[in-house]
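Each chain, letter by letter, is given below.
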Amino acid sequence: MEMVSTMDQENEVRECRNVVCMRGIVKHFPGVLANDHVDFELREGEVHALLGENGAGKSTLMNILAGLYRQDEGLIEVNGKEVKFNSPRDAIAAGIGMVHQHFMLVPSQSVTENILLGLSEPRFRLNLPHYDAVVAQMAEEYGLHVDPRAKIWQLSVGEQQRVELLKMLYRGAEILIMDEPTAVLAPSEIDDLFVTLRAMTQKGKSITFISHKLHEVMAISNRVTVLRKGKVTSSGINIADTSRAGLANLMVGREVVFRVDKNEQEPGDVILSVDNIHAENNKGLKALNGITLNVRAGEIVGLAGVAGNGQRELADVITGLRKASEGQVIIGGEDITNLSPKAGIRKGVSHIPEDRTHVGTAPNLSVTDNVIMKNYTEEPIGKGWMVNDTAATKYARELKKAFDIIVPNVHTSVRLLSGGNLQKVILAREISKKPELLIAMQPTRGLDVGAIEGVQRLLLLQREAGSAVLLVSEELEELLSLSDRIYVIYEGEIMGEVADGDIEKIGLMMTGMQMEDIRLQGEKSNE
Amino acid sequence: MSESMTSNISPKGRFPFKLKIEPRLKSPSGWFSSMLSFLAVVLALLVGAGIIAAAGGEPWRAYAHIARSSFGSVGVFSDTMVKAIPLMLTGLACTVAFRMRLWNIGAEGQFFLGAWGASLVVLAPILPEETPQWIFIIVMSIVGIAMGAIYGFIPGFLKAKLNVNEIISTLMLNYIAVEWNNYFIYDKWSEGGFQMSKVFPRNAWLPRLADYAKEIPEFRGLTVHFGLVFAIIAAVVVWLILYKSQWGYEIRLIGDNPKAAEYAGIPIARNIILVMSLSGALAGLAGMSEITGVVHRLQGHISPGYGFTAIIIAWLAKLNPFAVLLVSVLFGALILAGREIQPSGVPTMIQGVIMVFLIASDFFMRYRIYFARRKEE
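Top line first, the protein sequences correspond to chains V and X. Just so it is clear: in the first sequence, position 32 is 32 by the numbering used here, and no numbers are missing. Just so it is clear: in the second sequence, position 189 is 1189 by the numbering used here, and no numbers are missing.
One should not assume that every hint holds.
What the hints assert, rightly or not - Pairs of lysine-lysine residues, derived as BS3-like cross-links and limited to a Cα-Cα distance of at most 30 Å, are as follows:
1) K84/V x K1020/X
2) K433/V x K1259/X
3) K283/V x K1259/X
4) K1259/X x K323/V
5) K342/V x K283/V
6) K286/V x K151/V
Stated by the list, open to error - Where chain X lies over chain V, by a calculated footprint (3+ residues, C-beta under 8 Å):
7) 336 to 342
8) 362 to 371
9) 374 to 381
10) 384 to 395
Please keep in mind that the hints were generated in silico from the structure rather than gathered at the bench. Beta carbons are placed, not taken as given, at the ideal position from N, Cα and C, and that holds for glycine.
Make the full structure from the sequences, and use the hints.
Here it is, written out as structure tokens:
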């Protein structure tokens, strides 16, 4: 405690000449330290990127600045004055406006109506034509082209984002926070957005740009602050002084936790063969752009890449949860492209989903009900049209013992389980089926070190048992220690394949460089 | 400890404690849930007592009267059961749908269609009047169930294929069902200009206990009809489906997490349609048993809102089919005896109050409430 207070005093002594200074921000959520003494400074008229992986604490930090959350510790200064925000209204009054990933607009109302919503002026008579003109003029000024009279539901996502920006500008925001603004946009819209952002900085607005996409950060921002697991790994470096690879390292980190012993073994036949797969994400944007890869029996193949580059969509297509618009998925010699998830399950595909609570388990059902999810029709648990309760409970008890699931009894609802135990329930279910092919998405995310080791050992056991394993992870160390080969995915394309665990090459490919380009570069420098 | 100290720490609050509400991390034990429901009903009855008093009645005498006139003798208990039978079947209908978190608010409409289907057999006519009773019962059940099932299938299909909100569609279909019936009783099957059909032939009546009074004199005047057997069989079937079968497992899984169900390879659209049809079928059976066991003709006002009361019943029974039977008897008593006090108004109001208290009590299942000492924020 004492140390913190002395630190605070030092902070207060240090003068803040920037439009925003956040000092020693700490924010706890139940079980998570989202921000751990984070410092952040925003200069006037700059685009400052806040870079980090999912869950690094970027959005939390900005939600604090926008008045949505209150920090547990630390102080915020805006234009040199300390501020305490109790609501987004306070933040707006201080000139800070945030554009969220999910727009907060009323679809059935017009652009102008949405912009005026919640303001004290106009009072009773709306006089919309007058305000339409005001909005139109403002839109013209900043290059935010949108018809003030159009209804929100008629607008494209990019146009809706412009409305959100106009809303903030109309409220007098001088400081704009954009939470992953490009995630919902098509490429051409992204270019338009960047033009707008530049126009706004020229008019003296300061912008914070949250992203995990390196090339965008390089393209638009003046400076960048990198967050990793709630801590700042690099604070306010000039974009000119850094490189994609350097940022990638700061973002992903390179600390070695431990090494796993892995037997040498020859892989067998090709089990999974993905050929030229194209697919869209939930927003209808292109997510996979001709993915081709294969996984053989008895090998672990890693898929490296920064989150959101198509990993989830690829896993969904392979397991039948998402339709591919083009290409083929062949499992065990059988084409199962665009068949139901059941077809995959029948072919011996197991899937450890990324989202444990929303996809992997049914939270209010018991451990028993959750572990029989994929074999409730098979003997001895399925008996005719019935579920044999005795057999199901026995099976659940066996798994509880074998996988060391810590839970009072197998009738407990799984929503009461900790993250690690929940993951064990999923692993128990997926692995005990002796899968031909195991798709493991982020299997160790959010687990403590002991649990991570357990999960990794289980994956290696699958490999020894002759399963084909496709391991998708953002933890490079994990991929390197477990995988026989690693593919790198970037914006829905495979950049290349690495068998020797060359971390430099993987890092470069994660930032969008093709394998061939790296090789060419290497040859050049050798010459 | 002293108040002055606390107020020093917290300048805003004068009271040193404040109410804190937290989501429960552990599910409360089984007895807590039953106690809570019981308490909710007791509180609701107390509020009801207030309402009766405000209306100028004497609450305790009114409640005693309700108890006497619904459970006081074998005769009135039999009448209570007659009221309970349609509640049991519609309650089971809601139970099946609610288990999958499909909010079928249309049991009322499905009930009417079931009644209409049964009438169709007599009035179309599908079977001649002199058909033996057992054939009548079987055919009327089948047609009644089928009509209810079709009426459940429609919103189920719309939900599965077009994602139409089933709450709205089932609610609206209720009005259509009532008017559909009206069309037939005002025009097609109207008897002598009255808004009702002719009385069904005796062969098309469900047997009642009173029908056997010749053999067993104790049964004289007892109106309980064969629908009770339907209800008990239906409860067993629903229990087997929901808690023993693979289909029931699928229904529970979809109800709890549709995404997990899809991930486990369970077809969701098909199950929505099947469950809505089954739900409609049970409500249809309720309509059939009411029309052939009690009313014996098609007319308006065959239901005092059975299909809506069924929602409360399914909720109160915590989706347990056998509990549905018991709760239905209680509500049957309330409907029957309530009428003795007042034809409409207060008794329905008490029902409403019970519903509100039950829904509110669910809050305590999910949240923990305690007093916390104010601390510095």
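Now the hints, each set against the structure:
1. The suggested pairing of K84/V with K1020/X holds, with an alpha-carbon distance near 24 Å, which does not exceed 30 Å.
2. With a C-alpha separation of about 21 Å, the suggested pair K433/V and K1259/X falls inside the 30 Å cut-off, and the hint holds.
3. Only pairs whose Cα atoms come within 30 Å are accepted, and K283/V paired with K1259/X is accepted, the gap being roughly 17 Å.
4. As the CA atoms of K1259/X and K323/V are separated by approximately 15 Å, the hinted pair is consistent with the 30 Å bound.
5. Distance hint between K342/V and K283/V is fulfilled; the C-alpha atoms sit about 25 Å from each other, no more than 30 Å.
6. For the hint pairing K286/V with K151/V, the CA-to-CA distance comes to about 26 Å; that is within 30 Å, so the pair holds.
7. For the region 336 to 342 of chain V, the proposed coverage by chain X is satisfied: 3 residues have a C-beta within less than 8 Å of a C-beta in that chain, meeting the threshold of three.
8. Figure legend: the region 362 to 371 of chain V, annotated as covered by chain X; annotation consistent (5 residues with Cβ-Cβ distances under 8 Å, at least 3 required).
9. Counting residues of the region 374 to 381 of chain V whose CB falls under 8 Å from any CB of chain X gives 3; the rule of at least 3 is met.
10. For the region 384 to 395 of chain V, the stated coverage by chain X is satisfied: 4 residues place a CB nearer than 8 Å to a CB of that chain, which reaches the threshold of 3.
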